[in-house]
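Trainee: These protein sequence lines are chains P and B, in that order. All residue numbers for the first sequence refer to the working numbering, where the first residue is 452 and numbers rise by one. All residue numbers for the second sequence refer to the working numbering, where the first residue is -3 and numbers rise by one.
In short, the hints are calculated from the structure, not lab data. A hint or two may mislead.
What the hints assert, rightly or not - A short, non-exhaustive set of chain P residues, derived as facing chain B with CB atoms under 10 Å:
1. LYS453
2. TRP459
3. ASN460
4. TYR469
5. ASN498
6. ARG534
7. LEU535
8. LEU537
9. ALA538
10. PHE623
What the hints assert, rightly or not - Using 27 Å as the maximum straight-line C-alpha spacing, the simulated DSSO-like pairs for lysine-lysine come out as follows:
11. B/LYS63 with P/LYS691
12. B/LYS4 with B/LYS66
13. P/LYS463 with B/LYS119
14. P/LYS453 with B/LYS131
15. B/LYS175 with B/LYS67
16. B/LYS67 with P/LYS453
17. P/LYS463 with B/LYS67
18. P/LYS467 with B/LYS131
Backbone N, C-alpha and C define an ideal beta-carbon position, used for all residues, glycine too.
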Amino acid sequence: MKSRIAFWNILKKDIKNYYLKPPNISWGIIFPLSWTLMQLIRSPGENILELLPGLMAMSVLFGTTSMLSVTITFERSGRSFERLLLAPISLNVMVLAKIAGTVLFGMFNAFVPIIFASFSTDLKGVNFGIILPAVFMIAVSSALMGLMIAVSANQVFEAQTFSNFFRFPMLFLCGLFIPISDLPLFLRPISYFLPLTYGADMLKSAVTGANTLSPVLSFGILLFFSVTLFLISRHNINRKWIL
Amino acid sequence: MLSVANLKKTYGDFTAVNSISFEVQKGEIFGFLGPNGAGKTSTINMMIGLSRPTSGEVIIDGIDVRKQTKKAQSIMGIVADESNLYNEMNGFENLCFCAALYGMEKSEREAKARDLLEEFRLKDAGKRPFKAYSKGMKRKLTIAAALIHSPQILFLDEPTTGIDVESSRQIRKMIKALKEQGTTVFLTTHYIEEAERICDRIAFIAKGQIVASGTVLELMDSVSHGHSIRFVTSKFAENLTDELQSNFKGSKVTIQSDNTLIMESEERISLLPVMNFLYDKGIDVYEAKELRPSLEDVFVKLTGIESSVLTRDEKKGGRK
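Using the sequences and the hints, build the whole thing.
Mentor: The following block contains the structure:
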């Protein structure tokens, strides 16, 4: 009961203080929109459905990884984060509450391209029963990667630098823009160690049906990644922030 | 209420806290006095569960902080050495959020937040964002936030550092009021006069070790041997020095200025015989005062740290 109150209030505070601020709302809309327009201008005849998995995955990835790492690093530099560490709630509840806001923000980001796509194409063939868990799992695993970055960074600019260090390579290795089978042989194993690869495959399955793995298998692997990242993050917080 | 035994913290080769032990009784105000870098914050961080001791134990109200950190934290109020509330939220929201972290229901936390804003004279500022507060107001709201769940023990790390005199005075008054309500208070400070004014007992900490602890009087007695009295007289009494010393065996008399003499003795000095003696010699005594060492003298003597080091810390702290 007490944990539920704490969880809900941490989530509410983060949404109000960070995610609902005009710069972040505009980021959540403008970023996916500009990518959508860029892709359409670059390839005018291309079916927007072909672009949708990539745009959604990118929107979630950029929204979640940067937001969580930046907000946590920001709270740590102002020492308000100590309040959460010193509250009589378990580390699990605290971490879950912190990532919950980011996951919701990431999911909001993901649906912006879908909304824009709905104006220009028919989305009847899109399987939302797969889209929803795919977006959720991409958001969770990306948020947890953002948390790992936050544990390693001391300053906001460090968090942003670390985020870019792995986000961009991941985008090009996850099979969204270049099929994994077209990648040089030595890069292919790396692709299969990236959560985004499985999230992107699920999205492809839901939108175009051009997936290589079963969505259930991808979901299971993403779940495994998320649990592992959660445990690593919790361990790192315990080790690095409680000195 | 609080028992610390052989608490030690090392960072590589550096020992921040070196096997310290002390106890704080329920309803007591206990102060850690020492310069910056003495180990005050390292100690407090281990006691509140923000840092893991290298060795030793901290027991709060029967709860082992190392083993049951979260249970112990539920009965603590913690004020860090910086006012660390959320800049984006107003005073009322900050208090309600802190209450929620302790699992308080909405109606309960809102009522308590309103009471605390009133009590801390921040009612009008309750709707303003925390970032718009003055340093003194920020400090007061941070203390209020630590009290939102009615803790049994309050930890205050440098509660008045860097704030104006009026806010410092209000905070000291609040700390005393908390003691009256039965709250145990552990505070760290590098202000000697603050420790002297509000603490029931004080521990001097230097280089990670407790050099001495006790009440102000106990600490003073630990360095003062014998007694000394200063007499302000109507006439210059230099020629009476030998006569005074021979009449009052074991005493040493020194003339400080024209009309002031100091009489020191291992034994307690009775005032009346000395005054009668001087009166018989045609000298009136205008003032007689027992001279005791100040807490600052005691601190310097026991720690070997000049009080100027603490003064320097005060300047760094930005006290106005």
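Trainee: If a hint holds in the structure, say so; if it does not, say that too.
Mentor: Evaluated hints:
Look at P/LYS453: its Cβ gets to within about 3 Å of chain B, closer than 10 Å, so that hint holds up. With 10 Å as the threshold, the beta carbon of P/TRP459 comes within range of chain B, its nearest partner Cβ sitting at about 8 Å, so the hint holds. Because the smallest distance between the Cβ of P/ASN460 and any Cβ of chain B comes to about 4 Å, under 10 Å, the interface hint for this residue holds. With a least beta-carbon distance of about 8 Å to chain B, the hint placing P/TYR469 at the interface is held under the 10 Å criterion.
Among the interface hints, the one on P/ASN498 is violated; its C-beta lies about 43 Å from the nearest C-beta in chain B, farther than the 10 Å criterion. With 10 Å as the threshold, the beta carbon of P/ARG534 comes within range of chain B, its nearest partner Cβ sitting at about 7 Å, so the hint holds. Interface hint at P/LEU535: satisfied, since its Cβ lies 7 Å from the closest Cβ of chain B, which is below the 10 Å cut-off. At a threshold of 10 Å, the smallest CB-CB gap from P/LEU537 to chain B is about 5 Å, leaving the interface hint in force.
Because the beta carbon of P/ALA538 sits about 4 Å from the nearest beta carbon in chain B, less than 10 Å, this interface hint is met. Restraint check, P/PHE623 versus chain B: the minimum CB separation of about 36 Å is more than 10 Å; hint violated. Of the pairs offered as hints, the one joining B/LYS63 and P/LYS691 holds, with about 19 Å between alpha carbons and a cut-off of 27 Å not exceeded. Only pairs whose Cα atoms come within 27 Å are accepted, and B/LYS4 paired with B/LYS66 is accepted, the gap being roughly 21 Å.
Using a Cα cut-off of 27 Å, the hinted pair P/LYS463 and B/LYS119 holds, with the two alpha carbons roughly 24 Å apart. Distance restraint check for P/LYS453 and B/LYS131: the Cα-Cα separation of roughly 32 Å exceeds the 27 Å cut-off, and the hinted pair is therefore not satisfied. Taking the CA atoms of B/LYS175 and B/LYS67, the gap is about 23 Å. The hint holds against a cut of 27 Å. For the suggested pair B/LYS67 and P/LYS453, the alpha carbons sit about 13 Å apart, so the restraint of at most 27 Å is met.
Of the pairs offered as hints, the one joining P/LYS463 and B/LYS67 holds, with about 25 Å between alpha carbons and a cut-off of 27 Å not exceeded. For the given pair, P/LYS467 sits about 25 Å from B/LYS131 by alpha-carbon distance, which is consistent with the 27 Å threshold.
When held up to the earlier numbered hints, the structure conflicts with 5, 10, 14 and fits the remainder.
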